[in-house]
Amino acid sequence: MLLAGILCLPTVVIFSHLFIPMEEVWRHLVDTVLVRYITNTVFLALGVGLIGLTVGTLTGWLSANFEFPGQRLFHWALLLPLAVPTYATAFSYGGLCEFSGPIQTTLRDIFDWNKGDYWFPEMRSIGGAIFVMSFVLYPYVYLLGRTAFVGQARNYDESARVLGRSSEGILKDISFPLARPSLIAGLALMLMEALSDFGAVQYLAVDTFTTGVYRTWFALGSPEGAARLASMLLLIIFLILLVEHRSRGQAKYYQVTGRSHLKEKVALAGLKGIIATFICSIPVFFGFILPTGYLLFLSFPAWEIMVVGSFFEHLLNSFSLATLTSFLAMTFALFLIYSSRLGAGPLNTMLYRIVSLGYGFPGSVIAIGVLIPMAWLDYRIDDFMRNAFGISTGLIFTGGIVVVVFAYLVRFMALGLHSLQSSMESLTPNLDAAAQTLGANWRRRLSMVHMPLITGGLLTGALLVFVDVMKELPATLILRPFNYDTLAVKAYELASDEALAAASCYAVTIVVVGLIPIILISRSVETSGSYVTKARYEDG
Amino acid sequence: MVNNEIGLQFSGVSHSYGAVQVLNDVNLSVPAGSITCLLGPSGCGKTTFLRLSAGLESLQRGEIFFDGEKVSDANSSVAPEIRGVGLMFQDYMLFPHLSVLENVRFGLGGLSVGEQVKKAKLALEQVGMAEFRSYFPHMLSGGEQQRVALARAIAPRPKILLLDEPFSGLDQHLRKSLRSDTLHLLQELGTTALMVTHDPEEALLMGDRIAIMRTGEVLQEGTGADLYSRPTNAFCATFLGETLEYRAYAQSVSVDTPFGPVEVKKELIGGEVRVLVRPEAITFGSENSGLGVNSMFVSGTLTELKEVGPSRKVTLKLHGSGFEIRLLSSWRGFPEVGCEVGMVIDSSMMFVFPAVEG
Chain B
4 MLLAGILCLP
14 TVVIFSHLFI
24 PMEEVWRHLV
34 DTVLVRYITN
44 TVFLALGVGL
54 IGLTVGTLTG
64 WLSANFEFPG
74 QRLFHWALLL
84 PLAVPTYATA
94 FSYGGLCEFS
104 GPIQTTLRDI
114 FDWNKGDYWF
124 PEMRSIGGAI
134 FVMSFVLYPY
144 VYLLGRTAFV
154 GQARNYDESA
164 RVLGRSSEGI
174 LKDISFPLAR
184 PSLIAGLALM
194 LMEALSDFGA
204 VQYLAVDTFT
214 TGVYRTWFAL
224 GSPEGAARLA
234 SMLLLIIFLI
244 LLVEHRSRGQ
254 AKYYQVTGRS
264 HLKEKVALAG
274 LKGIIATFIC
284 SIPVFFGFIL
294 PTGYLLFLSF
304 PAWEIMVVGS
314 FFEHLLNSFS
324 LATLTSFLAM
334 TFALFLIYSS
344 RLGAGPLNTM
354 LYRIVSLGYG
364 FPGSVIAIGV
374 LIPMAWLDYR
384 IDDFMRNAFG
394 ISTGLIFTGG
404 IVVVVFAYLV
414 RFMALGLHSL
424 QSSMESLTPN
434 LDAAAQTLGA
444 NWRRRLSMVH
454 MPLITGGLLT
464 GALLVFVDVM
474 KELPATLILR
484 PFNYDTLAVK
494 AYELASDEAL
504 AAASCYAVTI
514 VVVGLIPIIL
524 ISRSVETSGS
534 YVTKARYEDG
Chain Z
-19 MVNNEIGLQF
-9 SGVSHSYGAV
1 QVLNDVNLSV
11 PAGSITCLLG
21 PSGCGKTTFL
31 RLSAGLESLQ
41 RGEIFFDGEK
51 VSDANSSVAP
61 EIRGVGLMFQ
71 DYMLFPHLSV
81 LENVRFGLGG
91 LSVGEQVKKA
101 KLALEQVGMA
111 EFRSYFPHML
121 SGGEQQRVAL
131 ARAIAPRPKI
141 LLLDEPFSGL
151 DQHLRKSLRS
161 DTLHLLQELG
171 TTALMVTHDP
181 EEALLMGDRI
191 AIMRTGEVLQ
201 EGTGADLYSR
211 PTNAFCATFL
221 GETLEYRAYA
231 QSVSVDTPFG
241 PVEVKKELIG
251 GEVRVLVRPE
261 AITFGSENSG
271 LGVNSMFVSG
281 TLTELKEVGP
291 SRKVTLKLHG
301 SGFEIRLLSS
311 WRGFPEVGCE
321 VGMVIDSSMM
331 FVFPAVEG
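Chains as they are written, first to last, in the numbering used here: chain B, 4 to 543; chain Z, -19 to 338.
Covered stretches of chain B, going by a simulated chain Z footprint (3 or more residues, C-beta under 8 Å): (1) 435 to 449; (2) 452 to 461.
Which chain Z residues stay away from chain B? Per the calculated CB distances, all over 10 Å, these: (3) Ala(-1); (4) Gln1; (5) Ser160; (6) Leu165; (7) Leu185; (8) Arg210; (9) Thr218; (10) Glu225; (11) Ser266; (12) Glu267; (13) Ser279; (14) Val332; (15) Ala335.
Keep in mind the hints are simulated off the structure, nothing from the lab.
All residues carry an ideal CB built from backbone N, CA and C; glycine is no exception.
Only chain Z is shown next, with the shape it has when bound in the complex (with noise of 0.2 Å):
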């Protein structure tokens, strides 16, 4: 599905709202027929990155390309009618006064009247709202206004759909069923799509490519599972899931650490840095023997156990260092509080970053 044409592509966007830098110096390429999820926390610029890629807003600098045509520039801009964008809200944004199939129609404008419906209902169907049709948005419930708003956005076939927060009015268990049906639809229909979201689960599960934003710049972007094993600074580590951290003066390349030592770049000896490990880097229940190269010992005391569902939140004091961790584990294997635990590192999933990123 996947090719290695450009379907959306930013280069050196900046963005400002008065004295406000929203985006600075944005670079970014969204793969044709691929789904990129821009994700980041509240205010980061990623809604006005949308607003930029509709033509809602104008670019003051920098240059937007759909499928290798420039669209925006700082002197002009494809108007957003005839831009050939899909945009879908987080509050759907469905016409109050037209019904499910008008609202739809809506954007098929050149078609005959005929061909309208046909591809209304079509669109409809792949949703699976088409019994709704003649229903008016107020008479649906949050995630049937959801697909109305999927379909009334892929009916014109635009050659790059905008979602911006698409699941995040929905509660928790119809989010996960529509995240799966939007994302089988959208590789089945191949469109290419970037999706904004501050869920990094959802980033995770939907995106084939994620760029990662912190106020007003890209900083990391690639496939899911490199971003989440590859992590380039401690915001993205730290963003895409859970981590422990510990905090050392490096003095050399190799930083004690109570998880045992790991490796240090040169150019952070001389200052504080940040360790960072993945939960999943420990194995709990292991024995000091027969480790592969990337794999550490250690052992700590059981301080707190308490079930919590399927998994357990502890507590854990390490021998050595006295360093205390908490985190949810998985393993029914605990023994009772106060006794003995050792657990294997997994190396590779621990982090170094400088504790000041510039």
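Extracted from the complex, chain B is given alone in its bound form (with noise of 0.2 Å):
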């Protein structure tokens, strides 16, 4: 109880500077930087919307419900994007899009060209932005449209056409209405993502919300403007979940009953196919082949980046940090979740709701709402210390690791949790009755029954988390301890100075250890709906 309470302290210290009155600074903000903060906010979530929305859909349709030349290959390849942090997508088009970069210089080859002579798009501007998340995040869509498409069983179809609709009317009438809950839940995952994005940003040179907090509490050195502009950002991200919670309310009444009859896919020949081969090419293109494929011909030559110490160190910082925080991570989510199946009162339920909201929060606001209270903390330690025994303590948790690990635990909390409760769903309370019957009290019970059966989702859970606190940066920046570096951090920081190459060697390493969810992931929608244990609980 209390282990939930700490974890939703961040959220609560953020929202309340929503409240607290502002001298100066925030004068100077809004009369600065607020408008264009929101301005691009908005147009990057309008665009990426757009974008993704129609890419994921579309492809999420197509591998539903036909078959096409590469259909079973792009299954999972759409989800590959995923794998590849936004920042270093970002880094990658930076570099083969600027004037120097490969692409501007064969073309001037080519045509003979010279500075001035021709029109190029642009990569750091909003534009740009708008197209590298597009292409990164709009497998949230396909993710959950193809799910919702595969579940629509074949009768809907079948009784629709034999109530005379034609092909066209029930795509329309059937299919989109069907699946858009989980369309809108896609497409809510993405905005989210979208927003919390600080690397790719800041690189691209976009100002935003989430480059805002960041300069605002190293620039201006104000962490009361700094978190004023966190809470507005997560004002708008408690609308866009409101309304991704809305429509997944709705989206029970649409829920297929049974699983017998599951569509067949229509096997399309011939140009259609090859349309379709096309269509799904392209995000897979955008969004993993060519900006992962530049990174890795930039890390070739720089190869040896990866045999010295440092990168080791760095490794190793990630490395532990992740295993550490997934650790943690899944400890905590064991306990929440087997105390409320222990039958804890309605609280619990609540604060595991607000826990995993932690999810949604960007993290350079989760960092700000960190800091704010454990510096406090730190301070009154230091001042009760001195006053008492006359000794300094210093900046206890701050200038630690300790608070990093509390930001992703905030952050990433949720994955475990929801990893874990799913799979601890699936047994049927009759199980534990069954087992206390027979003499079993809870530490048994969940050392005999319960740990044997969820072991596969305690390590889902930790390997998600494993996986997204590898890859995080902007906490990280902000709270990691002096000349503390991370993998993420490195590759930003590198890449902000215009070493490319050597960045791309930490980019690459981040997307090896991103790809293993991404195959557990599209292992899982292969498989969905297999659950050996049935989940069935009567009462007379």
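Make the complex out of the two chains shown on their own, each in a separate frame, by following the hints.
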């Protein structure tokens, strides 16, 4: 209970700053940058939303309903962009499209152009950011949309056809409306990620709330101003969550009852098949192959970096932070979930919800939310120790990795929690009752019955947390101890210093780690709905 | 086998989930060493009854006793893990990650490993599953899983064995043989058992005693024969077996029915009554002569006759009243459709209840 309360603290702190009166720093922000932050954020959301939704829905629908060349490959290849952190894709495109980058150089060589002879899209712009994020984040829509399309029973299609609807009519009146809640949920996830992003917009020089939070904190030295900005961003995110929640509420009515009559896929032959293949390859190419390929290409000549001591140090830092966080996250998750299974009160449920919200919050916002109370605590302890014992303790929490791990937990706890909960929920409460009447107390039930049956969920959760910590940038950047670098931080710093080749070594390493959960997710999509244990709980 | 001691006793138990009253002042005693069947339609509170007995639900009002000792009241409750109950679920709830032997051993915690294995093997032998001991639950058929679940429940020798629809997941043929196997085993072990079922045939077959429940109340409790031939209300009469029904207005102590006059209790006079007749009360092909005290003669025209396996589905229009009855009969002497059939009604199997029961 206390634990969950502590995890909610940053959210509360941030929100309180929405109402705290503020002096001229805020006026300064309003006068100078706030309008830009808002317009950029709105344009980013609209652009990414529109492109990402289109790409994700189209690919999801094609992959769920049709057979075409490479369809099985696209099934998981369409997820690949998720493995690449948005900032890594941004670095790659930034390098690819700059004046001295390979594309413009080649164009100049071929057509014998000079500077100023031609127009070329500027990556470091809002348009560039929209392009990068759309092609990195569309898999959220694809994944949820595809699952929804696959889940639509054939009966709907057939009954609609019997009722005299044409194929196009079915598409418009049945398939899309049925999938709409899932598509909206995917859109919400995508937008949340887009708004949370820090590395890509910072690198592409687009000022949004996340970069604003960072700059107000470090350049203006105003934690209050940063927190105020963060609270505004949180409001927007809450709004998105609200819309998503409502659409999910409707999803209940759309749920298909049996899964015996799943649709058979329609084979697309000839030109149609080729068009489908072409459509699906666009996002894979722009979201994964091109940017990651370029990073790989850059990292080859610079491979020596990866065998130097400092690289290993950074790798080790990332690795130990990720391991520690995933271990703690799963321990806490197990504690929370098991105590609620043992029948804790409704308060627990509410805390559980709030803790899960953390995943929707931008890293930079959470960092501020963690830093403010922790710093306060540090100063209090220091004051107390000085007054009582004449010793200065300095900053216990804020200077160390404790605060970093704490922020990670606030941000990523939800992943572990959901993964563990879904595997726990697949075990019917009657299993507990059976063990209990056979004389097993809760400790024995946990060790003998539950633990062996939830190992999968536990490991999946730990892995998801692990990988996300490896990729995390903004919170680490703000909270890390002095001179303590992780792979993500180093990749960002090197890219900002235009040392793209070196940065790519780091980015590629992160991508490799990021691929693991993608493989897992694509497998679980394939096999979803084949639980062995029946979740049946009747009460007479 | 059945002695006078009481194994499980519910005294004034009431329970509700939120605003829904699931059990309403229930009193019930299960004699030690006997099997009582809790019979009722779904949603009548049977499962809650079991969960309260096991201690899985905390008691809101009333008291529960095991062998005369109080195990639950509104303030305190013996935890399910030390209560000494065995609980067998409708879908068995075998632990999927443990082998058959390990499943059965699970409840034998306090003993040495050797002792555990010995007892578990014995229990498996008793249900005829000894050779499956190294199998895992998913490798077993429904009937085999049911046997293992039974072995697991009886292995620790619980004071009370609770069975929740233990045969409902099985096909008809398997159900029959498992019922009789289980019955023999429970009788042999002398276990006090409470079994929940919605199947009257099962309750009549398995239960030394039957308690019929509806909407949170025990309507009638007694031996199967008692309940079948002397139901105290229309619900129990119709739930336990087939009935033919005639509704009439009771003007005096004797009410005329198509089957002849029946006696009505004084308090029912002046209201509508339901007259229920068990089909077995009708003996076809009889003459209107040499009738006993409880017998009445009626005749009717056969209007429909259809072979249904070993029985015949017949429809008859009774003479005098023109009342139509439909029933299954095993009598082979029916004439052709349109002919007259005489029948004798045993009035001891006719029941009269108020049309609206309070």
